[in-house]
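Student: Let chain A serve as the given structure and place chain B on it in line with the hints.
2 protein chains.
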Amino acid sequence: MQESTEGGSLNYLSRPSNGKQRVVVLGSGWAAMSFIKSWSESLSDKYELVLVSPRNYFVYTPLLPAMCAGTVEERSIVEPVRSVLKNKGRFFEAKCNEILPEEKAIVACFPEDAGFPEACFKLPYDILILSVGCVNNTFGIKGVEEHTTFFKTVEDASRLRLRVSECFERAALPATSSEEIEKLLSFVIVGGGPTGVEVAAELYDLIESDLSKLYPDIVKHVKIRVVELMDHVLSTYDRAISNYTAEIFKRNGIDLVLNSRVQSVSYDRVTTVDKDGSETEIPFGACVWATGIAMNPLVKDLQAALPEGAQTHFRSIVTDEYLRVHGAPDGTMFALGDAATIEQQKALDKADELFEKADIDNNGRLSRRELATILREASKDFPHLAEHARFLESKTGALRFGGIVAKAFANANKSTSQTIDEELYSKYVNDDASLDREEFQELLQTIDSGLRALPATAQVAKQEGEYLAKLFASQDISSSKPLDLKSTAPFEYVHKGSLAYVGSDRAVMDVPVIGPIMGYFAGLAWRGFETFSQISFRNQVLVATDWARSKIFGRDTSRV
Amino acid sequence: MQESTEGGSLNYLSRPSNGKQRVVVLGSGWAAMSFIKSWSESLSDKYELVLVSPRNYFVYTPLLPAMCAGTVEERSIVEPVRSVLKNKGRFFEAKCNEILPEEKAIVACFPEDAGFPEACFKLPYDILILSVGCVNNTFGIKGVEEHTTFFKTVEDASRLRLRVSECFERAALPATSSEEIEKLLSFVIVGGGPTGVEVAAELYDLIESDLSKLYPDIVKHVKIRVVELMDHVLSTYDRAISNYTAEIFKRNGIDLVLNSRVQSVSYDRVTTVDKDGSETEIPFGACVWATGIAMNPLVKDLQAALPEGAQTHFRSIVTDEYLRVHGAPDGTMFALGDAATIEQQKALDKADELFEKADIDNNGRLSRRELATILREASKDFPHLAEHARFLESKTGALRFGGIVAKAFANANKSTSQTIDEELYSKYVNDDASLDREEFQELLQTIDSGLRALPATAQVAKQEGEYLAKLFASQDISSSKPLDLKSTAPFEYVHKGSLAYVGSDRAVMDVPVIGPIMGYFAGLAWRGFETFSQISFRNQVLVATDWARSKIFGRDTSRV
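Note that the protein sequences, when read in sequence, are chains A and B.
Numbered per my numbering, the first sequence spans residues 1 to 560.
Numbered per my numbering, the second sequence spans residues 1 to 560.
Treat the hints with care, as some may be off.
Which copy is meant is left open, so a pair is good if it fits within one copy or across any two.
As the list claims (entries may be wrong) - Keeping only pairs whose Cα atoms sit at most 27 Å apart, straight-line, the calculated DSS-like set for lysine-lysine is:
#1 551 x 380
#2 380 x 46
#3 213 x 88
#4 95 x 300
#5 275 x 380
#6 86 x 223
#7 88 x 37
#8 213 x 350
#9 152 x 481
#10 213 x 86
#11 481 x 223
#12 86 x 346
#13 20 x 46
#14 37 x 250
#15 213 x 46
#16 346 x 213
None of these hints come from the bench; they were simulated from the model.
The shape of chain A in the complex, shown without the other chains (with noise of 0.2 Å):
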């Protein structure tokens, strides 16, 4: 460790002296993570590793619902972000406050407690790796940030958790009255997505399994309702898997609020306005702030120091198809995770080329299946195109040579679709549709203007690291020599399939190729499938073992 005082009042850990470059990651959620274990030990030998994270564990995000029920132990789903850098690098837990594209360095701060100062210091980098993150999206909505419970971390987990053992313990006082029970007892959970249907799933299986054992005098008062803006859950899904959740919870008597926003909270009830615009006030003990998230601070902030123009996206940091932030010299600066946003290479200026390329029959119109095609080549060169092309191939059946591929191709459109807007393709799925070139550029412009907004998650997030570390193993990456793109492929997501547990033990996947699956044996996989998808060999068993333990001797519910 070299140590000076170059950077001035500020502590500072000088570049290395042996020649390394330095590698900081900023961040030690699924995208830093995944880059980390990906990165193999070797790559060591040519860069310095320091990863600079507020939070020295990594939590396995998709068991929050489950830990805040108490079916898994919180313990059972962090790892300590040192135990999987072992000797890759060394870590520091602080959180960065700024980034300084120029000097190339950022300065990160360990927060005053218990009478110790505030600790900063500064870190001059080579190439940065921004994996930071999102923050929560209260939409300004009033008394979100003061009386709901976010959903994006283990403390809130904890919290809810928490809470509600809380909310039965003031509702089996003596002095609690029947109206205050039914409010105590009502929990409020915004957001019919994954995270929101997994939560009321297990706080439904909690109070099931558990706390109506415990408090069996005033169990029937629970009511637990989600609060959803459109007019199912789990929208990103199947529609089937929308509407066997929407069974299950109807059958486990889980309200669905849908059509509704929240327009205000306040300490003890929230209320909605559905598309009618009437207001309905849900009184509560516990509301779970579970949707949207927002720009991270630190990503505005260096937004407005990269050069004027280079970045302006509302919500993330925008890099290229290689993750590269744009406006910051080759090289140098990563952005990756919910963090960022990739955008897409222009196909619209290679527009009347590919369409004289697709234009077999040379009638100056492209058919359906002419479209398709073009699509699919052209995806060589414009991996966003891949998606379009299979969605195409899957109306037009093109590839239908059998009633199962058939099939396997409609799946795998479905379980992409969240990135496809149906409605632009509805006038070319005819059989005998087509579209002239001027409709084609119209086209491509559609698909190419905005951004590829892959969904934040830690699917995305995580085949992002895993990439970013094979391209460093690839090539030598320095700001002194441009990447070599001939040799190095863009980034491709690869949508592997979404899973959500809906309860009773009972699960929803939506698989590619397979397609949709739901119920009992669906929720054995998902159990099997998020132990074995830990972080490591260590919290495969304490999940797995914690699972065992609160089937045979049900979830504690001590208010530790």
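Tutor: Structure of chain B alone, referenced to chain A:
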């Protein structure tokens, strides 16, 4: 549940209308839970059992030191009160703020939280069981409250766990000077009793087994110190055990700061004074206050509310040998655990009668053997004399009919020596010693004077709880009928031995009859005992698997 407002503005749970006596138990520690566990379900036909405690779970306190190091997890050593209660009675999570002995009622409150107001209620009782424990004693020393970590609760142990992790993370930052590193990695434990020794031992294990791998650069700066007023640690144990512990600690680099008291504590240093009056400043990253307990404020208020002169003890509520609270009408109030002290029956009143019976040879003097014999006989009426009889027997060799038995008694004596003042007998242990009538009276007065201060341990509280539950099972407890003392044996404490973990898989045990056992096998026995002694089968399994988990995978060092 009958609810009414007869108590004025306070919500009021009126007395049972079915003729049952209401037994209100305050607390959820060892005494209360042992009482509840031993309470036979059939008793609930006669009594309405109501438990009130601000904590809705029981903590297996002997494993708190293991928990602070992550060797076992907090959820594994807690058990919800409601799971223990089952069908025996009801539980209200609330803090008893006031006992009204004249009205035979308590007032308890659930504190204000998350916008929900404080919820108070009045609960009339027929019989009150006071088992609220003690609070921490700072002895009025400046800074203890603000800057040290107490070690009584799960929260305390959690706080210490996080604090240690924080100290390591701060020390590992590039901004940290070597002087600061030394300070941050200095851990001071005040109090060389079993708790202090075990905290030091577990911290040592955590650092040695796990943190040394994760923080290899800084671990050499770690220093653990135990500050103790006396000239040896574990002063209530056999001296051989103290010596062994000191030896193990020395080998492991744990410093014993003996003959020293704490003068003051600031946010980063503790000032000690040794017996010569010289001051030492010890900088620290964390300071644990594992010494001293003080009267619970609720007990103080109760003392004042009982008839004048009935309660004058400085630390506890005083009971008779049937655990009945002095000054409260017979059959209405019992106290047990750390909150209570048993006042012994006076043997002095029968001094003459006893002397004549004892003086077999009628020479007006009692030989050592005669003294031992009469104390043994008198112990039928005055149980507190039994340990004195045992002590003398071991010295006189009255029962030395074989080497083994003699050793057994000698050891039995040692293990209870914490309550016997050997000085007292120094003049009677010579073979030719004897005492006259006046000296005998003096001796009895000394033995009788003061209170029988049983140690404030889980073991005592547990036995008292079991005793009291048996008392309820054996006869009707009610204010309308005095206790049938003829058929009722007074409470007698049976010391089963003491245990402490000293680090590196080694433990010390001070077992009656067998004597002191130290070392690796004691470590195995300790682990087995602490697993087996859990309050539920669930906890037994959790603790056992925790031990296996942390042995195999190491302790989790995430700062969750």
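Student: Evaluate each hint against the coordinates.
Tutor: Structure-based check of all given hints:
Taking the shortest Cα distances, residue 551 and residue 380 never come within 27 Å of each other, neither inside one copy (49 Å) nor across copies (51 Å). When the C-alpha separation of residue 380 and residue 46 is checked against a cutoff of 27 Å, the pair qualifies neither within a copy, at 32 Å, nor between copies, at 82 Å. For a Cα distance limit of 27 Å, the shortest separation of residue 213 from residue 88 across copies, 13 Å, qualifies, whereas the shortest one inside one copy, 49 Å, does not. When the C-alpha separation of residue 95 and residue 300 is checked against a cutoff of 27 Å, the pair qualifies only within one copy, where the shortest distance is 15 Å, while the shortest distance between copies is 47 Å.
For a Cα distance limit of 27 Å, the shortest separation of residue 275 from residue 380 qualifies neither inside one copy, at 43 Å, nor across copies, at 83 Å. Within a single copy, residue 86 and residue 223 get their C-alpha atoms only as close as 46 Å, which misses the 27 Å cut-off; across copies the closest is 24 Å, which meets it. In the homo-oligomer, the alpha carbons of residue 88 and residue 37 lie at most 27 Å apart inside one protomer (9 Å), although the nearest pairing across protomers, at 52 Å, exceeds that limit. Taking the shortest Cα distances, residue 213 and residue 350 never come within 27 Å of each other, neither inside one copy (67 Å) nor across copies (56 Å).
For the homomeric pair residue 152 and residue 481, neither the shortest alpha-carbon distance inside one copy (39 Å) nor that between copies (60 Å) is at most 27 Å. Taking CA atoms no more than 27 Å apart as the test, residue 213 paired with residue 86 passes between copies only; the shortest distance there is 9 Å, against 45 Å inside one copy. For a Cα distance limit of 27 Å, the shortest separation of residue 481 from residue 223 qualifies neither inside one copy, at 61 Å, nor across copies, at 48 Å. When the C-alpha separation of residue 86 and residue 346 is checked against a cutoff of 27 Å, the pair qualifies neither within a copy, at 41 Å, nor between copies, at 68 Å.
Taking the shortest Cα distances, residue 20 and residue 46 sit within 27 Å of each other inside one copy (5 Å), while across copies they are farther apart (80 Å). In this assembly of identical chains, the alpha carbons of residue 37 and residue 250 never lie at most 27 Å apart, being 42 Å within a copy and 40 Å across copies at closest. Taking identical chains as interchangeable, the C-alpha atoms of residue 213 and residue 46 lie at most 27 Å apart only when they sit on different chains, with a minimum of 23 Å there against 59 Å within one chain. Proximity of residue 346 to residue 213 under the C-alpha cut-off of 27 Å is found in neither arrangement, the shortest distances being 61 Å within a copy and 49 Å between copies.
Consistency note: the structure conflicts with the earlier hints numbered 1, 2, 5, 8, 9, 11, 12, 14 and 16.
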